[in-house]
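Let chain A serve as the given structure and place chain B on it in line with the hints.
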Amino acid sequence: MLQQTLIDKYNELKEQLHPDAKKLVEKWRDVVKQYEGDEYEFKVRDKIIKQPLTFTSLSGTKVSKVYLPKFKDWGDILQWQLQENVPGEFPFTAGVFPLKREGEDPTRMFAGEGGPERTNRRFHYVSVGQPAKRLSTAFDSVTLYGEDPAHRPDIYGKVGNSGVSIATVDDAKKLYSGFDLCDPKTSVSMTINGPAPMLLAFFMNAAIDQMCEKYIIENNLQEEVNKIIEVKYNIENLPKYIGTDGIPIHHTNLPKTLSSTSKKETAENIQASQNPLSGGRGAGFLPEGNDGLGLRLLGLSGKDILPTDVYETIKAKALSSVRGTVQADILKEDQAQNTCIFSTEFALKLMGDVQEYFISNKVQNFYSVSISGYHIAEAGANPITQLAFTLSNGFTYVEYYLSRGMNIDDFAPNLSFFFSNGMDPEYSVIGRVARRIWAKAMKYKYKANDRSQKLKYHIQTSGRSLHAQEIDFNDIRTTLQALYAIYDNCNSLHTNAYDEAITTPTEESVRRAMAIQLIINRELGTAKNENPNQGSFLIEEMTELVEQAVLAEFERITERGGVLGAMERMYQRNKIQEESLYYETLKHTGEFPIVGVNTFLNKNGSPTILPAEVIRSTTEEKELQITMLNAFKERHKDKNATMLKQLQNVAIANGNLFEELMETVKHCSLGEITNALYSVGGQYRRNM
Amino acid sequence: MTEVTEKKVRLVTAAALFDGHDAAINIMRRILQSKGAEIIHLGHNRSVAEIVECAIEEDVQGIAITSYQGGHVEFFKYMKDLLNENGCGHIKIFGGGGGTILPSEIEELHNYGITRIYSPDDGRRMGLDGMIQDVIDKCRLPNPPQEGLKASPNENGKFALGEWKDVISIAKAITVAENGQYKKLISASVEPPFGVQGGFPSGGRGAVGDSGAVLGITGTGGAGKSSVTDEIVRRFLNNYTDKTIAVISVDPSKKKTGGALLGDRIRMNSISSPRAYMRSLATRESDKALSQYVTEALDICKVAGFDLIILESAGVGQSDASILEHCDVSMYVMTPEYGAPSQLEKINMLDYADVICLNKFDKAGALDALHDVRKQYKRNYELWDAKDEDLPVVGTIAAQFNDAGVNNLFDKLIDVINKKTNSSFGTHKPFEKSGGMDGSIIPPKRVRYLAEISETINEYNKWAKDQAAIATKLYQLDAVIKMMDDKK
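Residue numbers (our numbering), protein chains in the order written: chain A, 1 to 688; chain B, 1001 to 1488.
Accuracy of the hints is not assured; some may be wrong.
Listed below are the simulated PhoX-like cross-link pairs for lysine-lysine, each with C-alpha atoms no more than 20 Å apart in a straight line [said to hold, decoys possible]:
(1) Lys14(A) / Lys1255(B)
(2) Lys1473(B) / Lys27(A)
(3) Lys1473(B) / Lys72(A)
Simulated from the structure, these hints should not be mistaken for laboratory data.
Only chain B is shown next, with the shape it has when bound in the complex:
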């Protein structure tokens, strides 16, 4: 096989703007994954700008969109325009919308340069599997040769999409690294492949605190890492309005199919800022929580001059601490639901993490958990006399907007970053205020309401049955008594 066909197919999938119909695209992306593709899924209601930004930053070969709410002609054409305008016309666009897209419109869109819109007839003819294979095959076709990796900023000093950094070159450089060609790239290039000053780090990764501190975020699956990451990115962008941030997020590849669902981006609301860059990486063949090309991706971000780089790992087991090799400051995200306190003794990261985030702090038992984790932290660091509030263990509810716990967490993180690296993020303006709620939506002690209703109704039904049985007996007795009266 040639190198071209072996190249990983990466696709962005989403449902169109103002369109909540995500059932079809979810089925499609699953089949794409099963055929070995890496999918950055954005979910429903995504604007053209968001999708194009994602496609460029993630350096994908194709975008697959479903649109069931009309306006598809304008939508797809605009997407093509925006890709062309930003020098990414090579990214292929695939679409479908059942019967809502008329055959004449499909023709119009194909003529405009949309790679393929699939109709219900195509579905019947090719089958679901055939359609998906078609998408993959088309993505594997080699792209026309492109200019070098370096782009020049426009007159405002901005790059494609108005970004502060040359995201196209950064994205392509990371792809090169992912394909195992990074060393070749740096030896061949005289200039770094980005529109920024600075040189390549000499070999491996640059010294700690070179430029761009790396914050590593890891934790168990389902602890809410992406939400916490998003909330930190949002605060960073709000508070340091002249700083830039990159997020490298790693998700596991499936060993069996080679495909991967890169699902962190769907949770990120704050990433579509011109000062933010995000790249999702699959672990590819390695069994680790981190992709083996992570070092190179981080190097590229450092050379590109991002002020802060967040590395988010895939969900890890209790023993995994591999993130430490890659970051300057590390954070471990967990929830109060870890089981017995003795479980804490098994978590390796509690020995190493600079900050521990106890997320989903509205869950029952949160205060006990905070107490236990603090105790474990003291034990691990032999900080027997430390005050509880001085420990870097913070309870957060990342799902709650402008959560005070996350504010606290952010300040602690910046503090550690400033101390451990050359970064000096200054004091920031007060956090934004929000119209939060006073407490949780359902008070914890009422959480069994549905079971109580069920019990109430079952009790009533039983009572009704019992009462009816008594009434039947009364009716029968009454009849017998009356019959006896009649006999007299």
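One chain only, chain A, in its complex shape:
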């Protein structure tokens, strides 16, 4: 009798259990089994990937990459799967992929100084011996504000300082030369916002022309192509890459083969690129590792050289292959960083045009935006505000793109995120909370598919947490922040150099910063496991608290008319400033301890360290950039005005501006384009 009552109650309750929930409880045993073996099988798009699941320590202990809870209660099992789950499963709290990519550390280092040649050398320096080339580009402030280098003193002094000067598509080709931009192992990130569409068009053209070069070499068309070039152009007038010895490298002196086409960096190739190239005029050195890819069509476009159908095929293939990120996050610029150049509305339209172009041209491995909390945090926001503002900006792009008629699953995979990791406890869960909020909203609010539900993000350790006193201690802070990031399964990571608080990092300090990541990834035993945070009472509690705090902020922003309405009242800006002031006050009073800054001072009182020297761009570099720009304008003077007018007409007709920019940049410089767009899109209006 009693048993029957219980069975009835059981069946009644079973009816109340959602089929999905039921499945999760029933399948749990299979999940456990899946992680018991030595290998794990999963699918990425259409490929089945098998990866080892264990690592054996020197003591012979087998450490698994993923550990599961030992719960018995079905409620606990269900709750865990609904809110945590294994990496790679909704709501992706522990990570968006079942396992980390093999052979690719999430290392991404930021570089940019002087002209394109100097930064190209730095890129090759930091990526020597790394199988995956992950470049991150810092532009000088002239470029960041969409202008051209010039002799006018208030511009001149900034050319090539704290970032690389890029004014034309040729500069971009030099900047990334020797990196195969269409190789899946190359990924390029560009920190640019206001003029992002123009720089992105530079990059895309550089990638397409690289692929044209490869086509020319693979089909032994060099001779033929050189002839066409000689007929159409004066080779002497074409721009040149200035070698490491200061000698310009002539077109005909570039290596005959490419390391990428011969699949391996052969000894000859490497040697070839280290030695002066075949002697004679224009025989400068390429930096170590640069095989000259990207330099053969310097000054021209593959479009001018190859038959149209061949070019179009190559273009389509290049566009669907390039991998990387352009920051292009205009909302956080208005809220925190101030590199807006166009009216906010026009800037958003440009972003939408880029996204639309990405969809119609199947640019599927490139992020059209990096929705950034980093600058919000650097401006002083606490981690909760950073996360809430960043996610709310992300959802604003979603709503805008939807309102333009784009399909959620067509654009969501092109969105990426970028956070700062400081020392606060909330930073231990910033990735977890971001992933989980995004996934839940995408699945249930926007009915998006599995791929769209996966939030991927880059972490940079906090620049603001570095101090100009006892700068040696900075590496310790960076190490702990990097550990937070790696334990939290970030998809990409930049570690700051210890001297960044006082100067532009040197090669030595950058190497140390990279070592921080490598030591964690390759030496630290617990980092071999990929879900070390799961099952921690602290982490679980923090995750819930931060999730709730973010949702509460969403409500506050809604009360102010959504993100754009709140921006009009300068809500975000004021909140960031208040939080900054709070931190500064506590730091000043010593209530917030910072070792070597307001406590544990050395016997000299831990004075502020002044840089012995500051890396600045040289006069030669500045002059070279201006000369190159003037030569570019001279070469394109016939087409320049027509192309700019055409661009303005597309704007007036409300057409896709990025599609047109892909052509405009072949003949116009950054500054010319920016100024042409001002008169059809409006300049940014500052606020106070």
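Just chain B now, with coordinates in the frame of chain A:
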């Protein structure tokens, strides 16, 4: 105290070109204000030419700049050069950039004539307050004696900075007026203090429509007056390429400190034209929305021969209509967010304004607001039979580039100005076209998206919790049932 120390300190503050770091300069300008200075804040990313033009037109004693992005040596030296070239070498330059400006560079800049670059060490030694006091003290030092107020045009007929008007003299004359010395000035001068023909108006203000019609723009705080003003200036300069315009903008002084934030210039993108002059005035001691020296400043602009003069008042309350004493044509700027329609009955300016601008027209309820304001206008003027579109009530979105509403507003204003004054601004070429958007960025009905997301997630979390509770009960029941089985 001597007269020199009592003179108001006016400063331009900004962050350098291509430099978005505005946190420090914002803190500095607040302290400057609290010490009684009048600050014309330009915000971030300002070129030397823009800053120097502002400094000259506003007749300030000093410029304070932060520069964190490098290139500071060239930047500050160029600023000094440009001031010298334009006969304004007396304007002092102050700067700072934390550790980015090296001690050797500071020395180099001081030797070049930059008044003071503050280093982090200065900050520690003097404290923030001490540094700011130093800036004020240095600005109060008397300037070397200067030539008369009149400048001669160059061979192209242009003045300092290539301006069409003698902006240096105009600026100084307004300062004289602000310091209560205007009457002395006009009685002492034989010639008007500007490189233009014409004489001083006899006493008070000149007759309506003398030369240079005055358009008064007023409205509630936060309605977007400066954006509307900027958009009108831009259209005026684009459409009448041989005409000049002056903008006199008034912001309140703080009663407690005597300082003022003159914040309209930061919003103006179109003012740095050689045909445009802008001057920001603080109300000083008066409690009004307008400075008591406004009449004199307008007179000076009229004598200088500007074709159109815009007077922009500080944000006003519903009852304030003081602008009417100063202008030929008046415009009231408001937003759809005024509350209940009965509030409209309290707005004095709705009885007097020649044109009413309903800005932020993309806000919810805009159409209702337009309807209500028109109704109120009809009531006030007893225009019961007027057609809606003929009424001078225009919806605008000044934040939107080349907004059609602002185009409409501009035409209505020019129309009224031509009718009410001697001005005859002709028909103009069609407005510039722009690559606008089809609608608002976020459709009004989607504006609650973040709250919806929050609701969705909370619902999911609750559902997960409830489902887990059921699963726990099932687990417990299952265990009990199995135990009973075992007993059998």
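Looking back at the hints listed earlier, which ones does the structure fail to meet?
As far as the earlier hints go, only 1 is violated by this structure.
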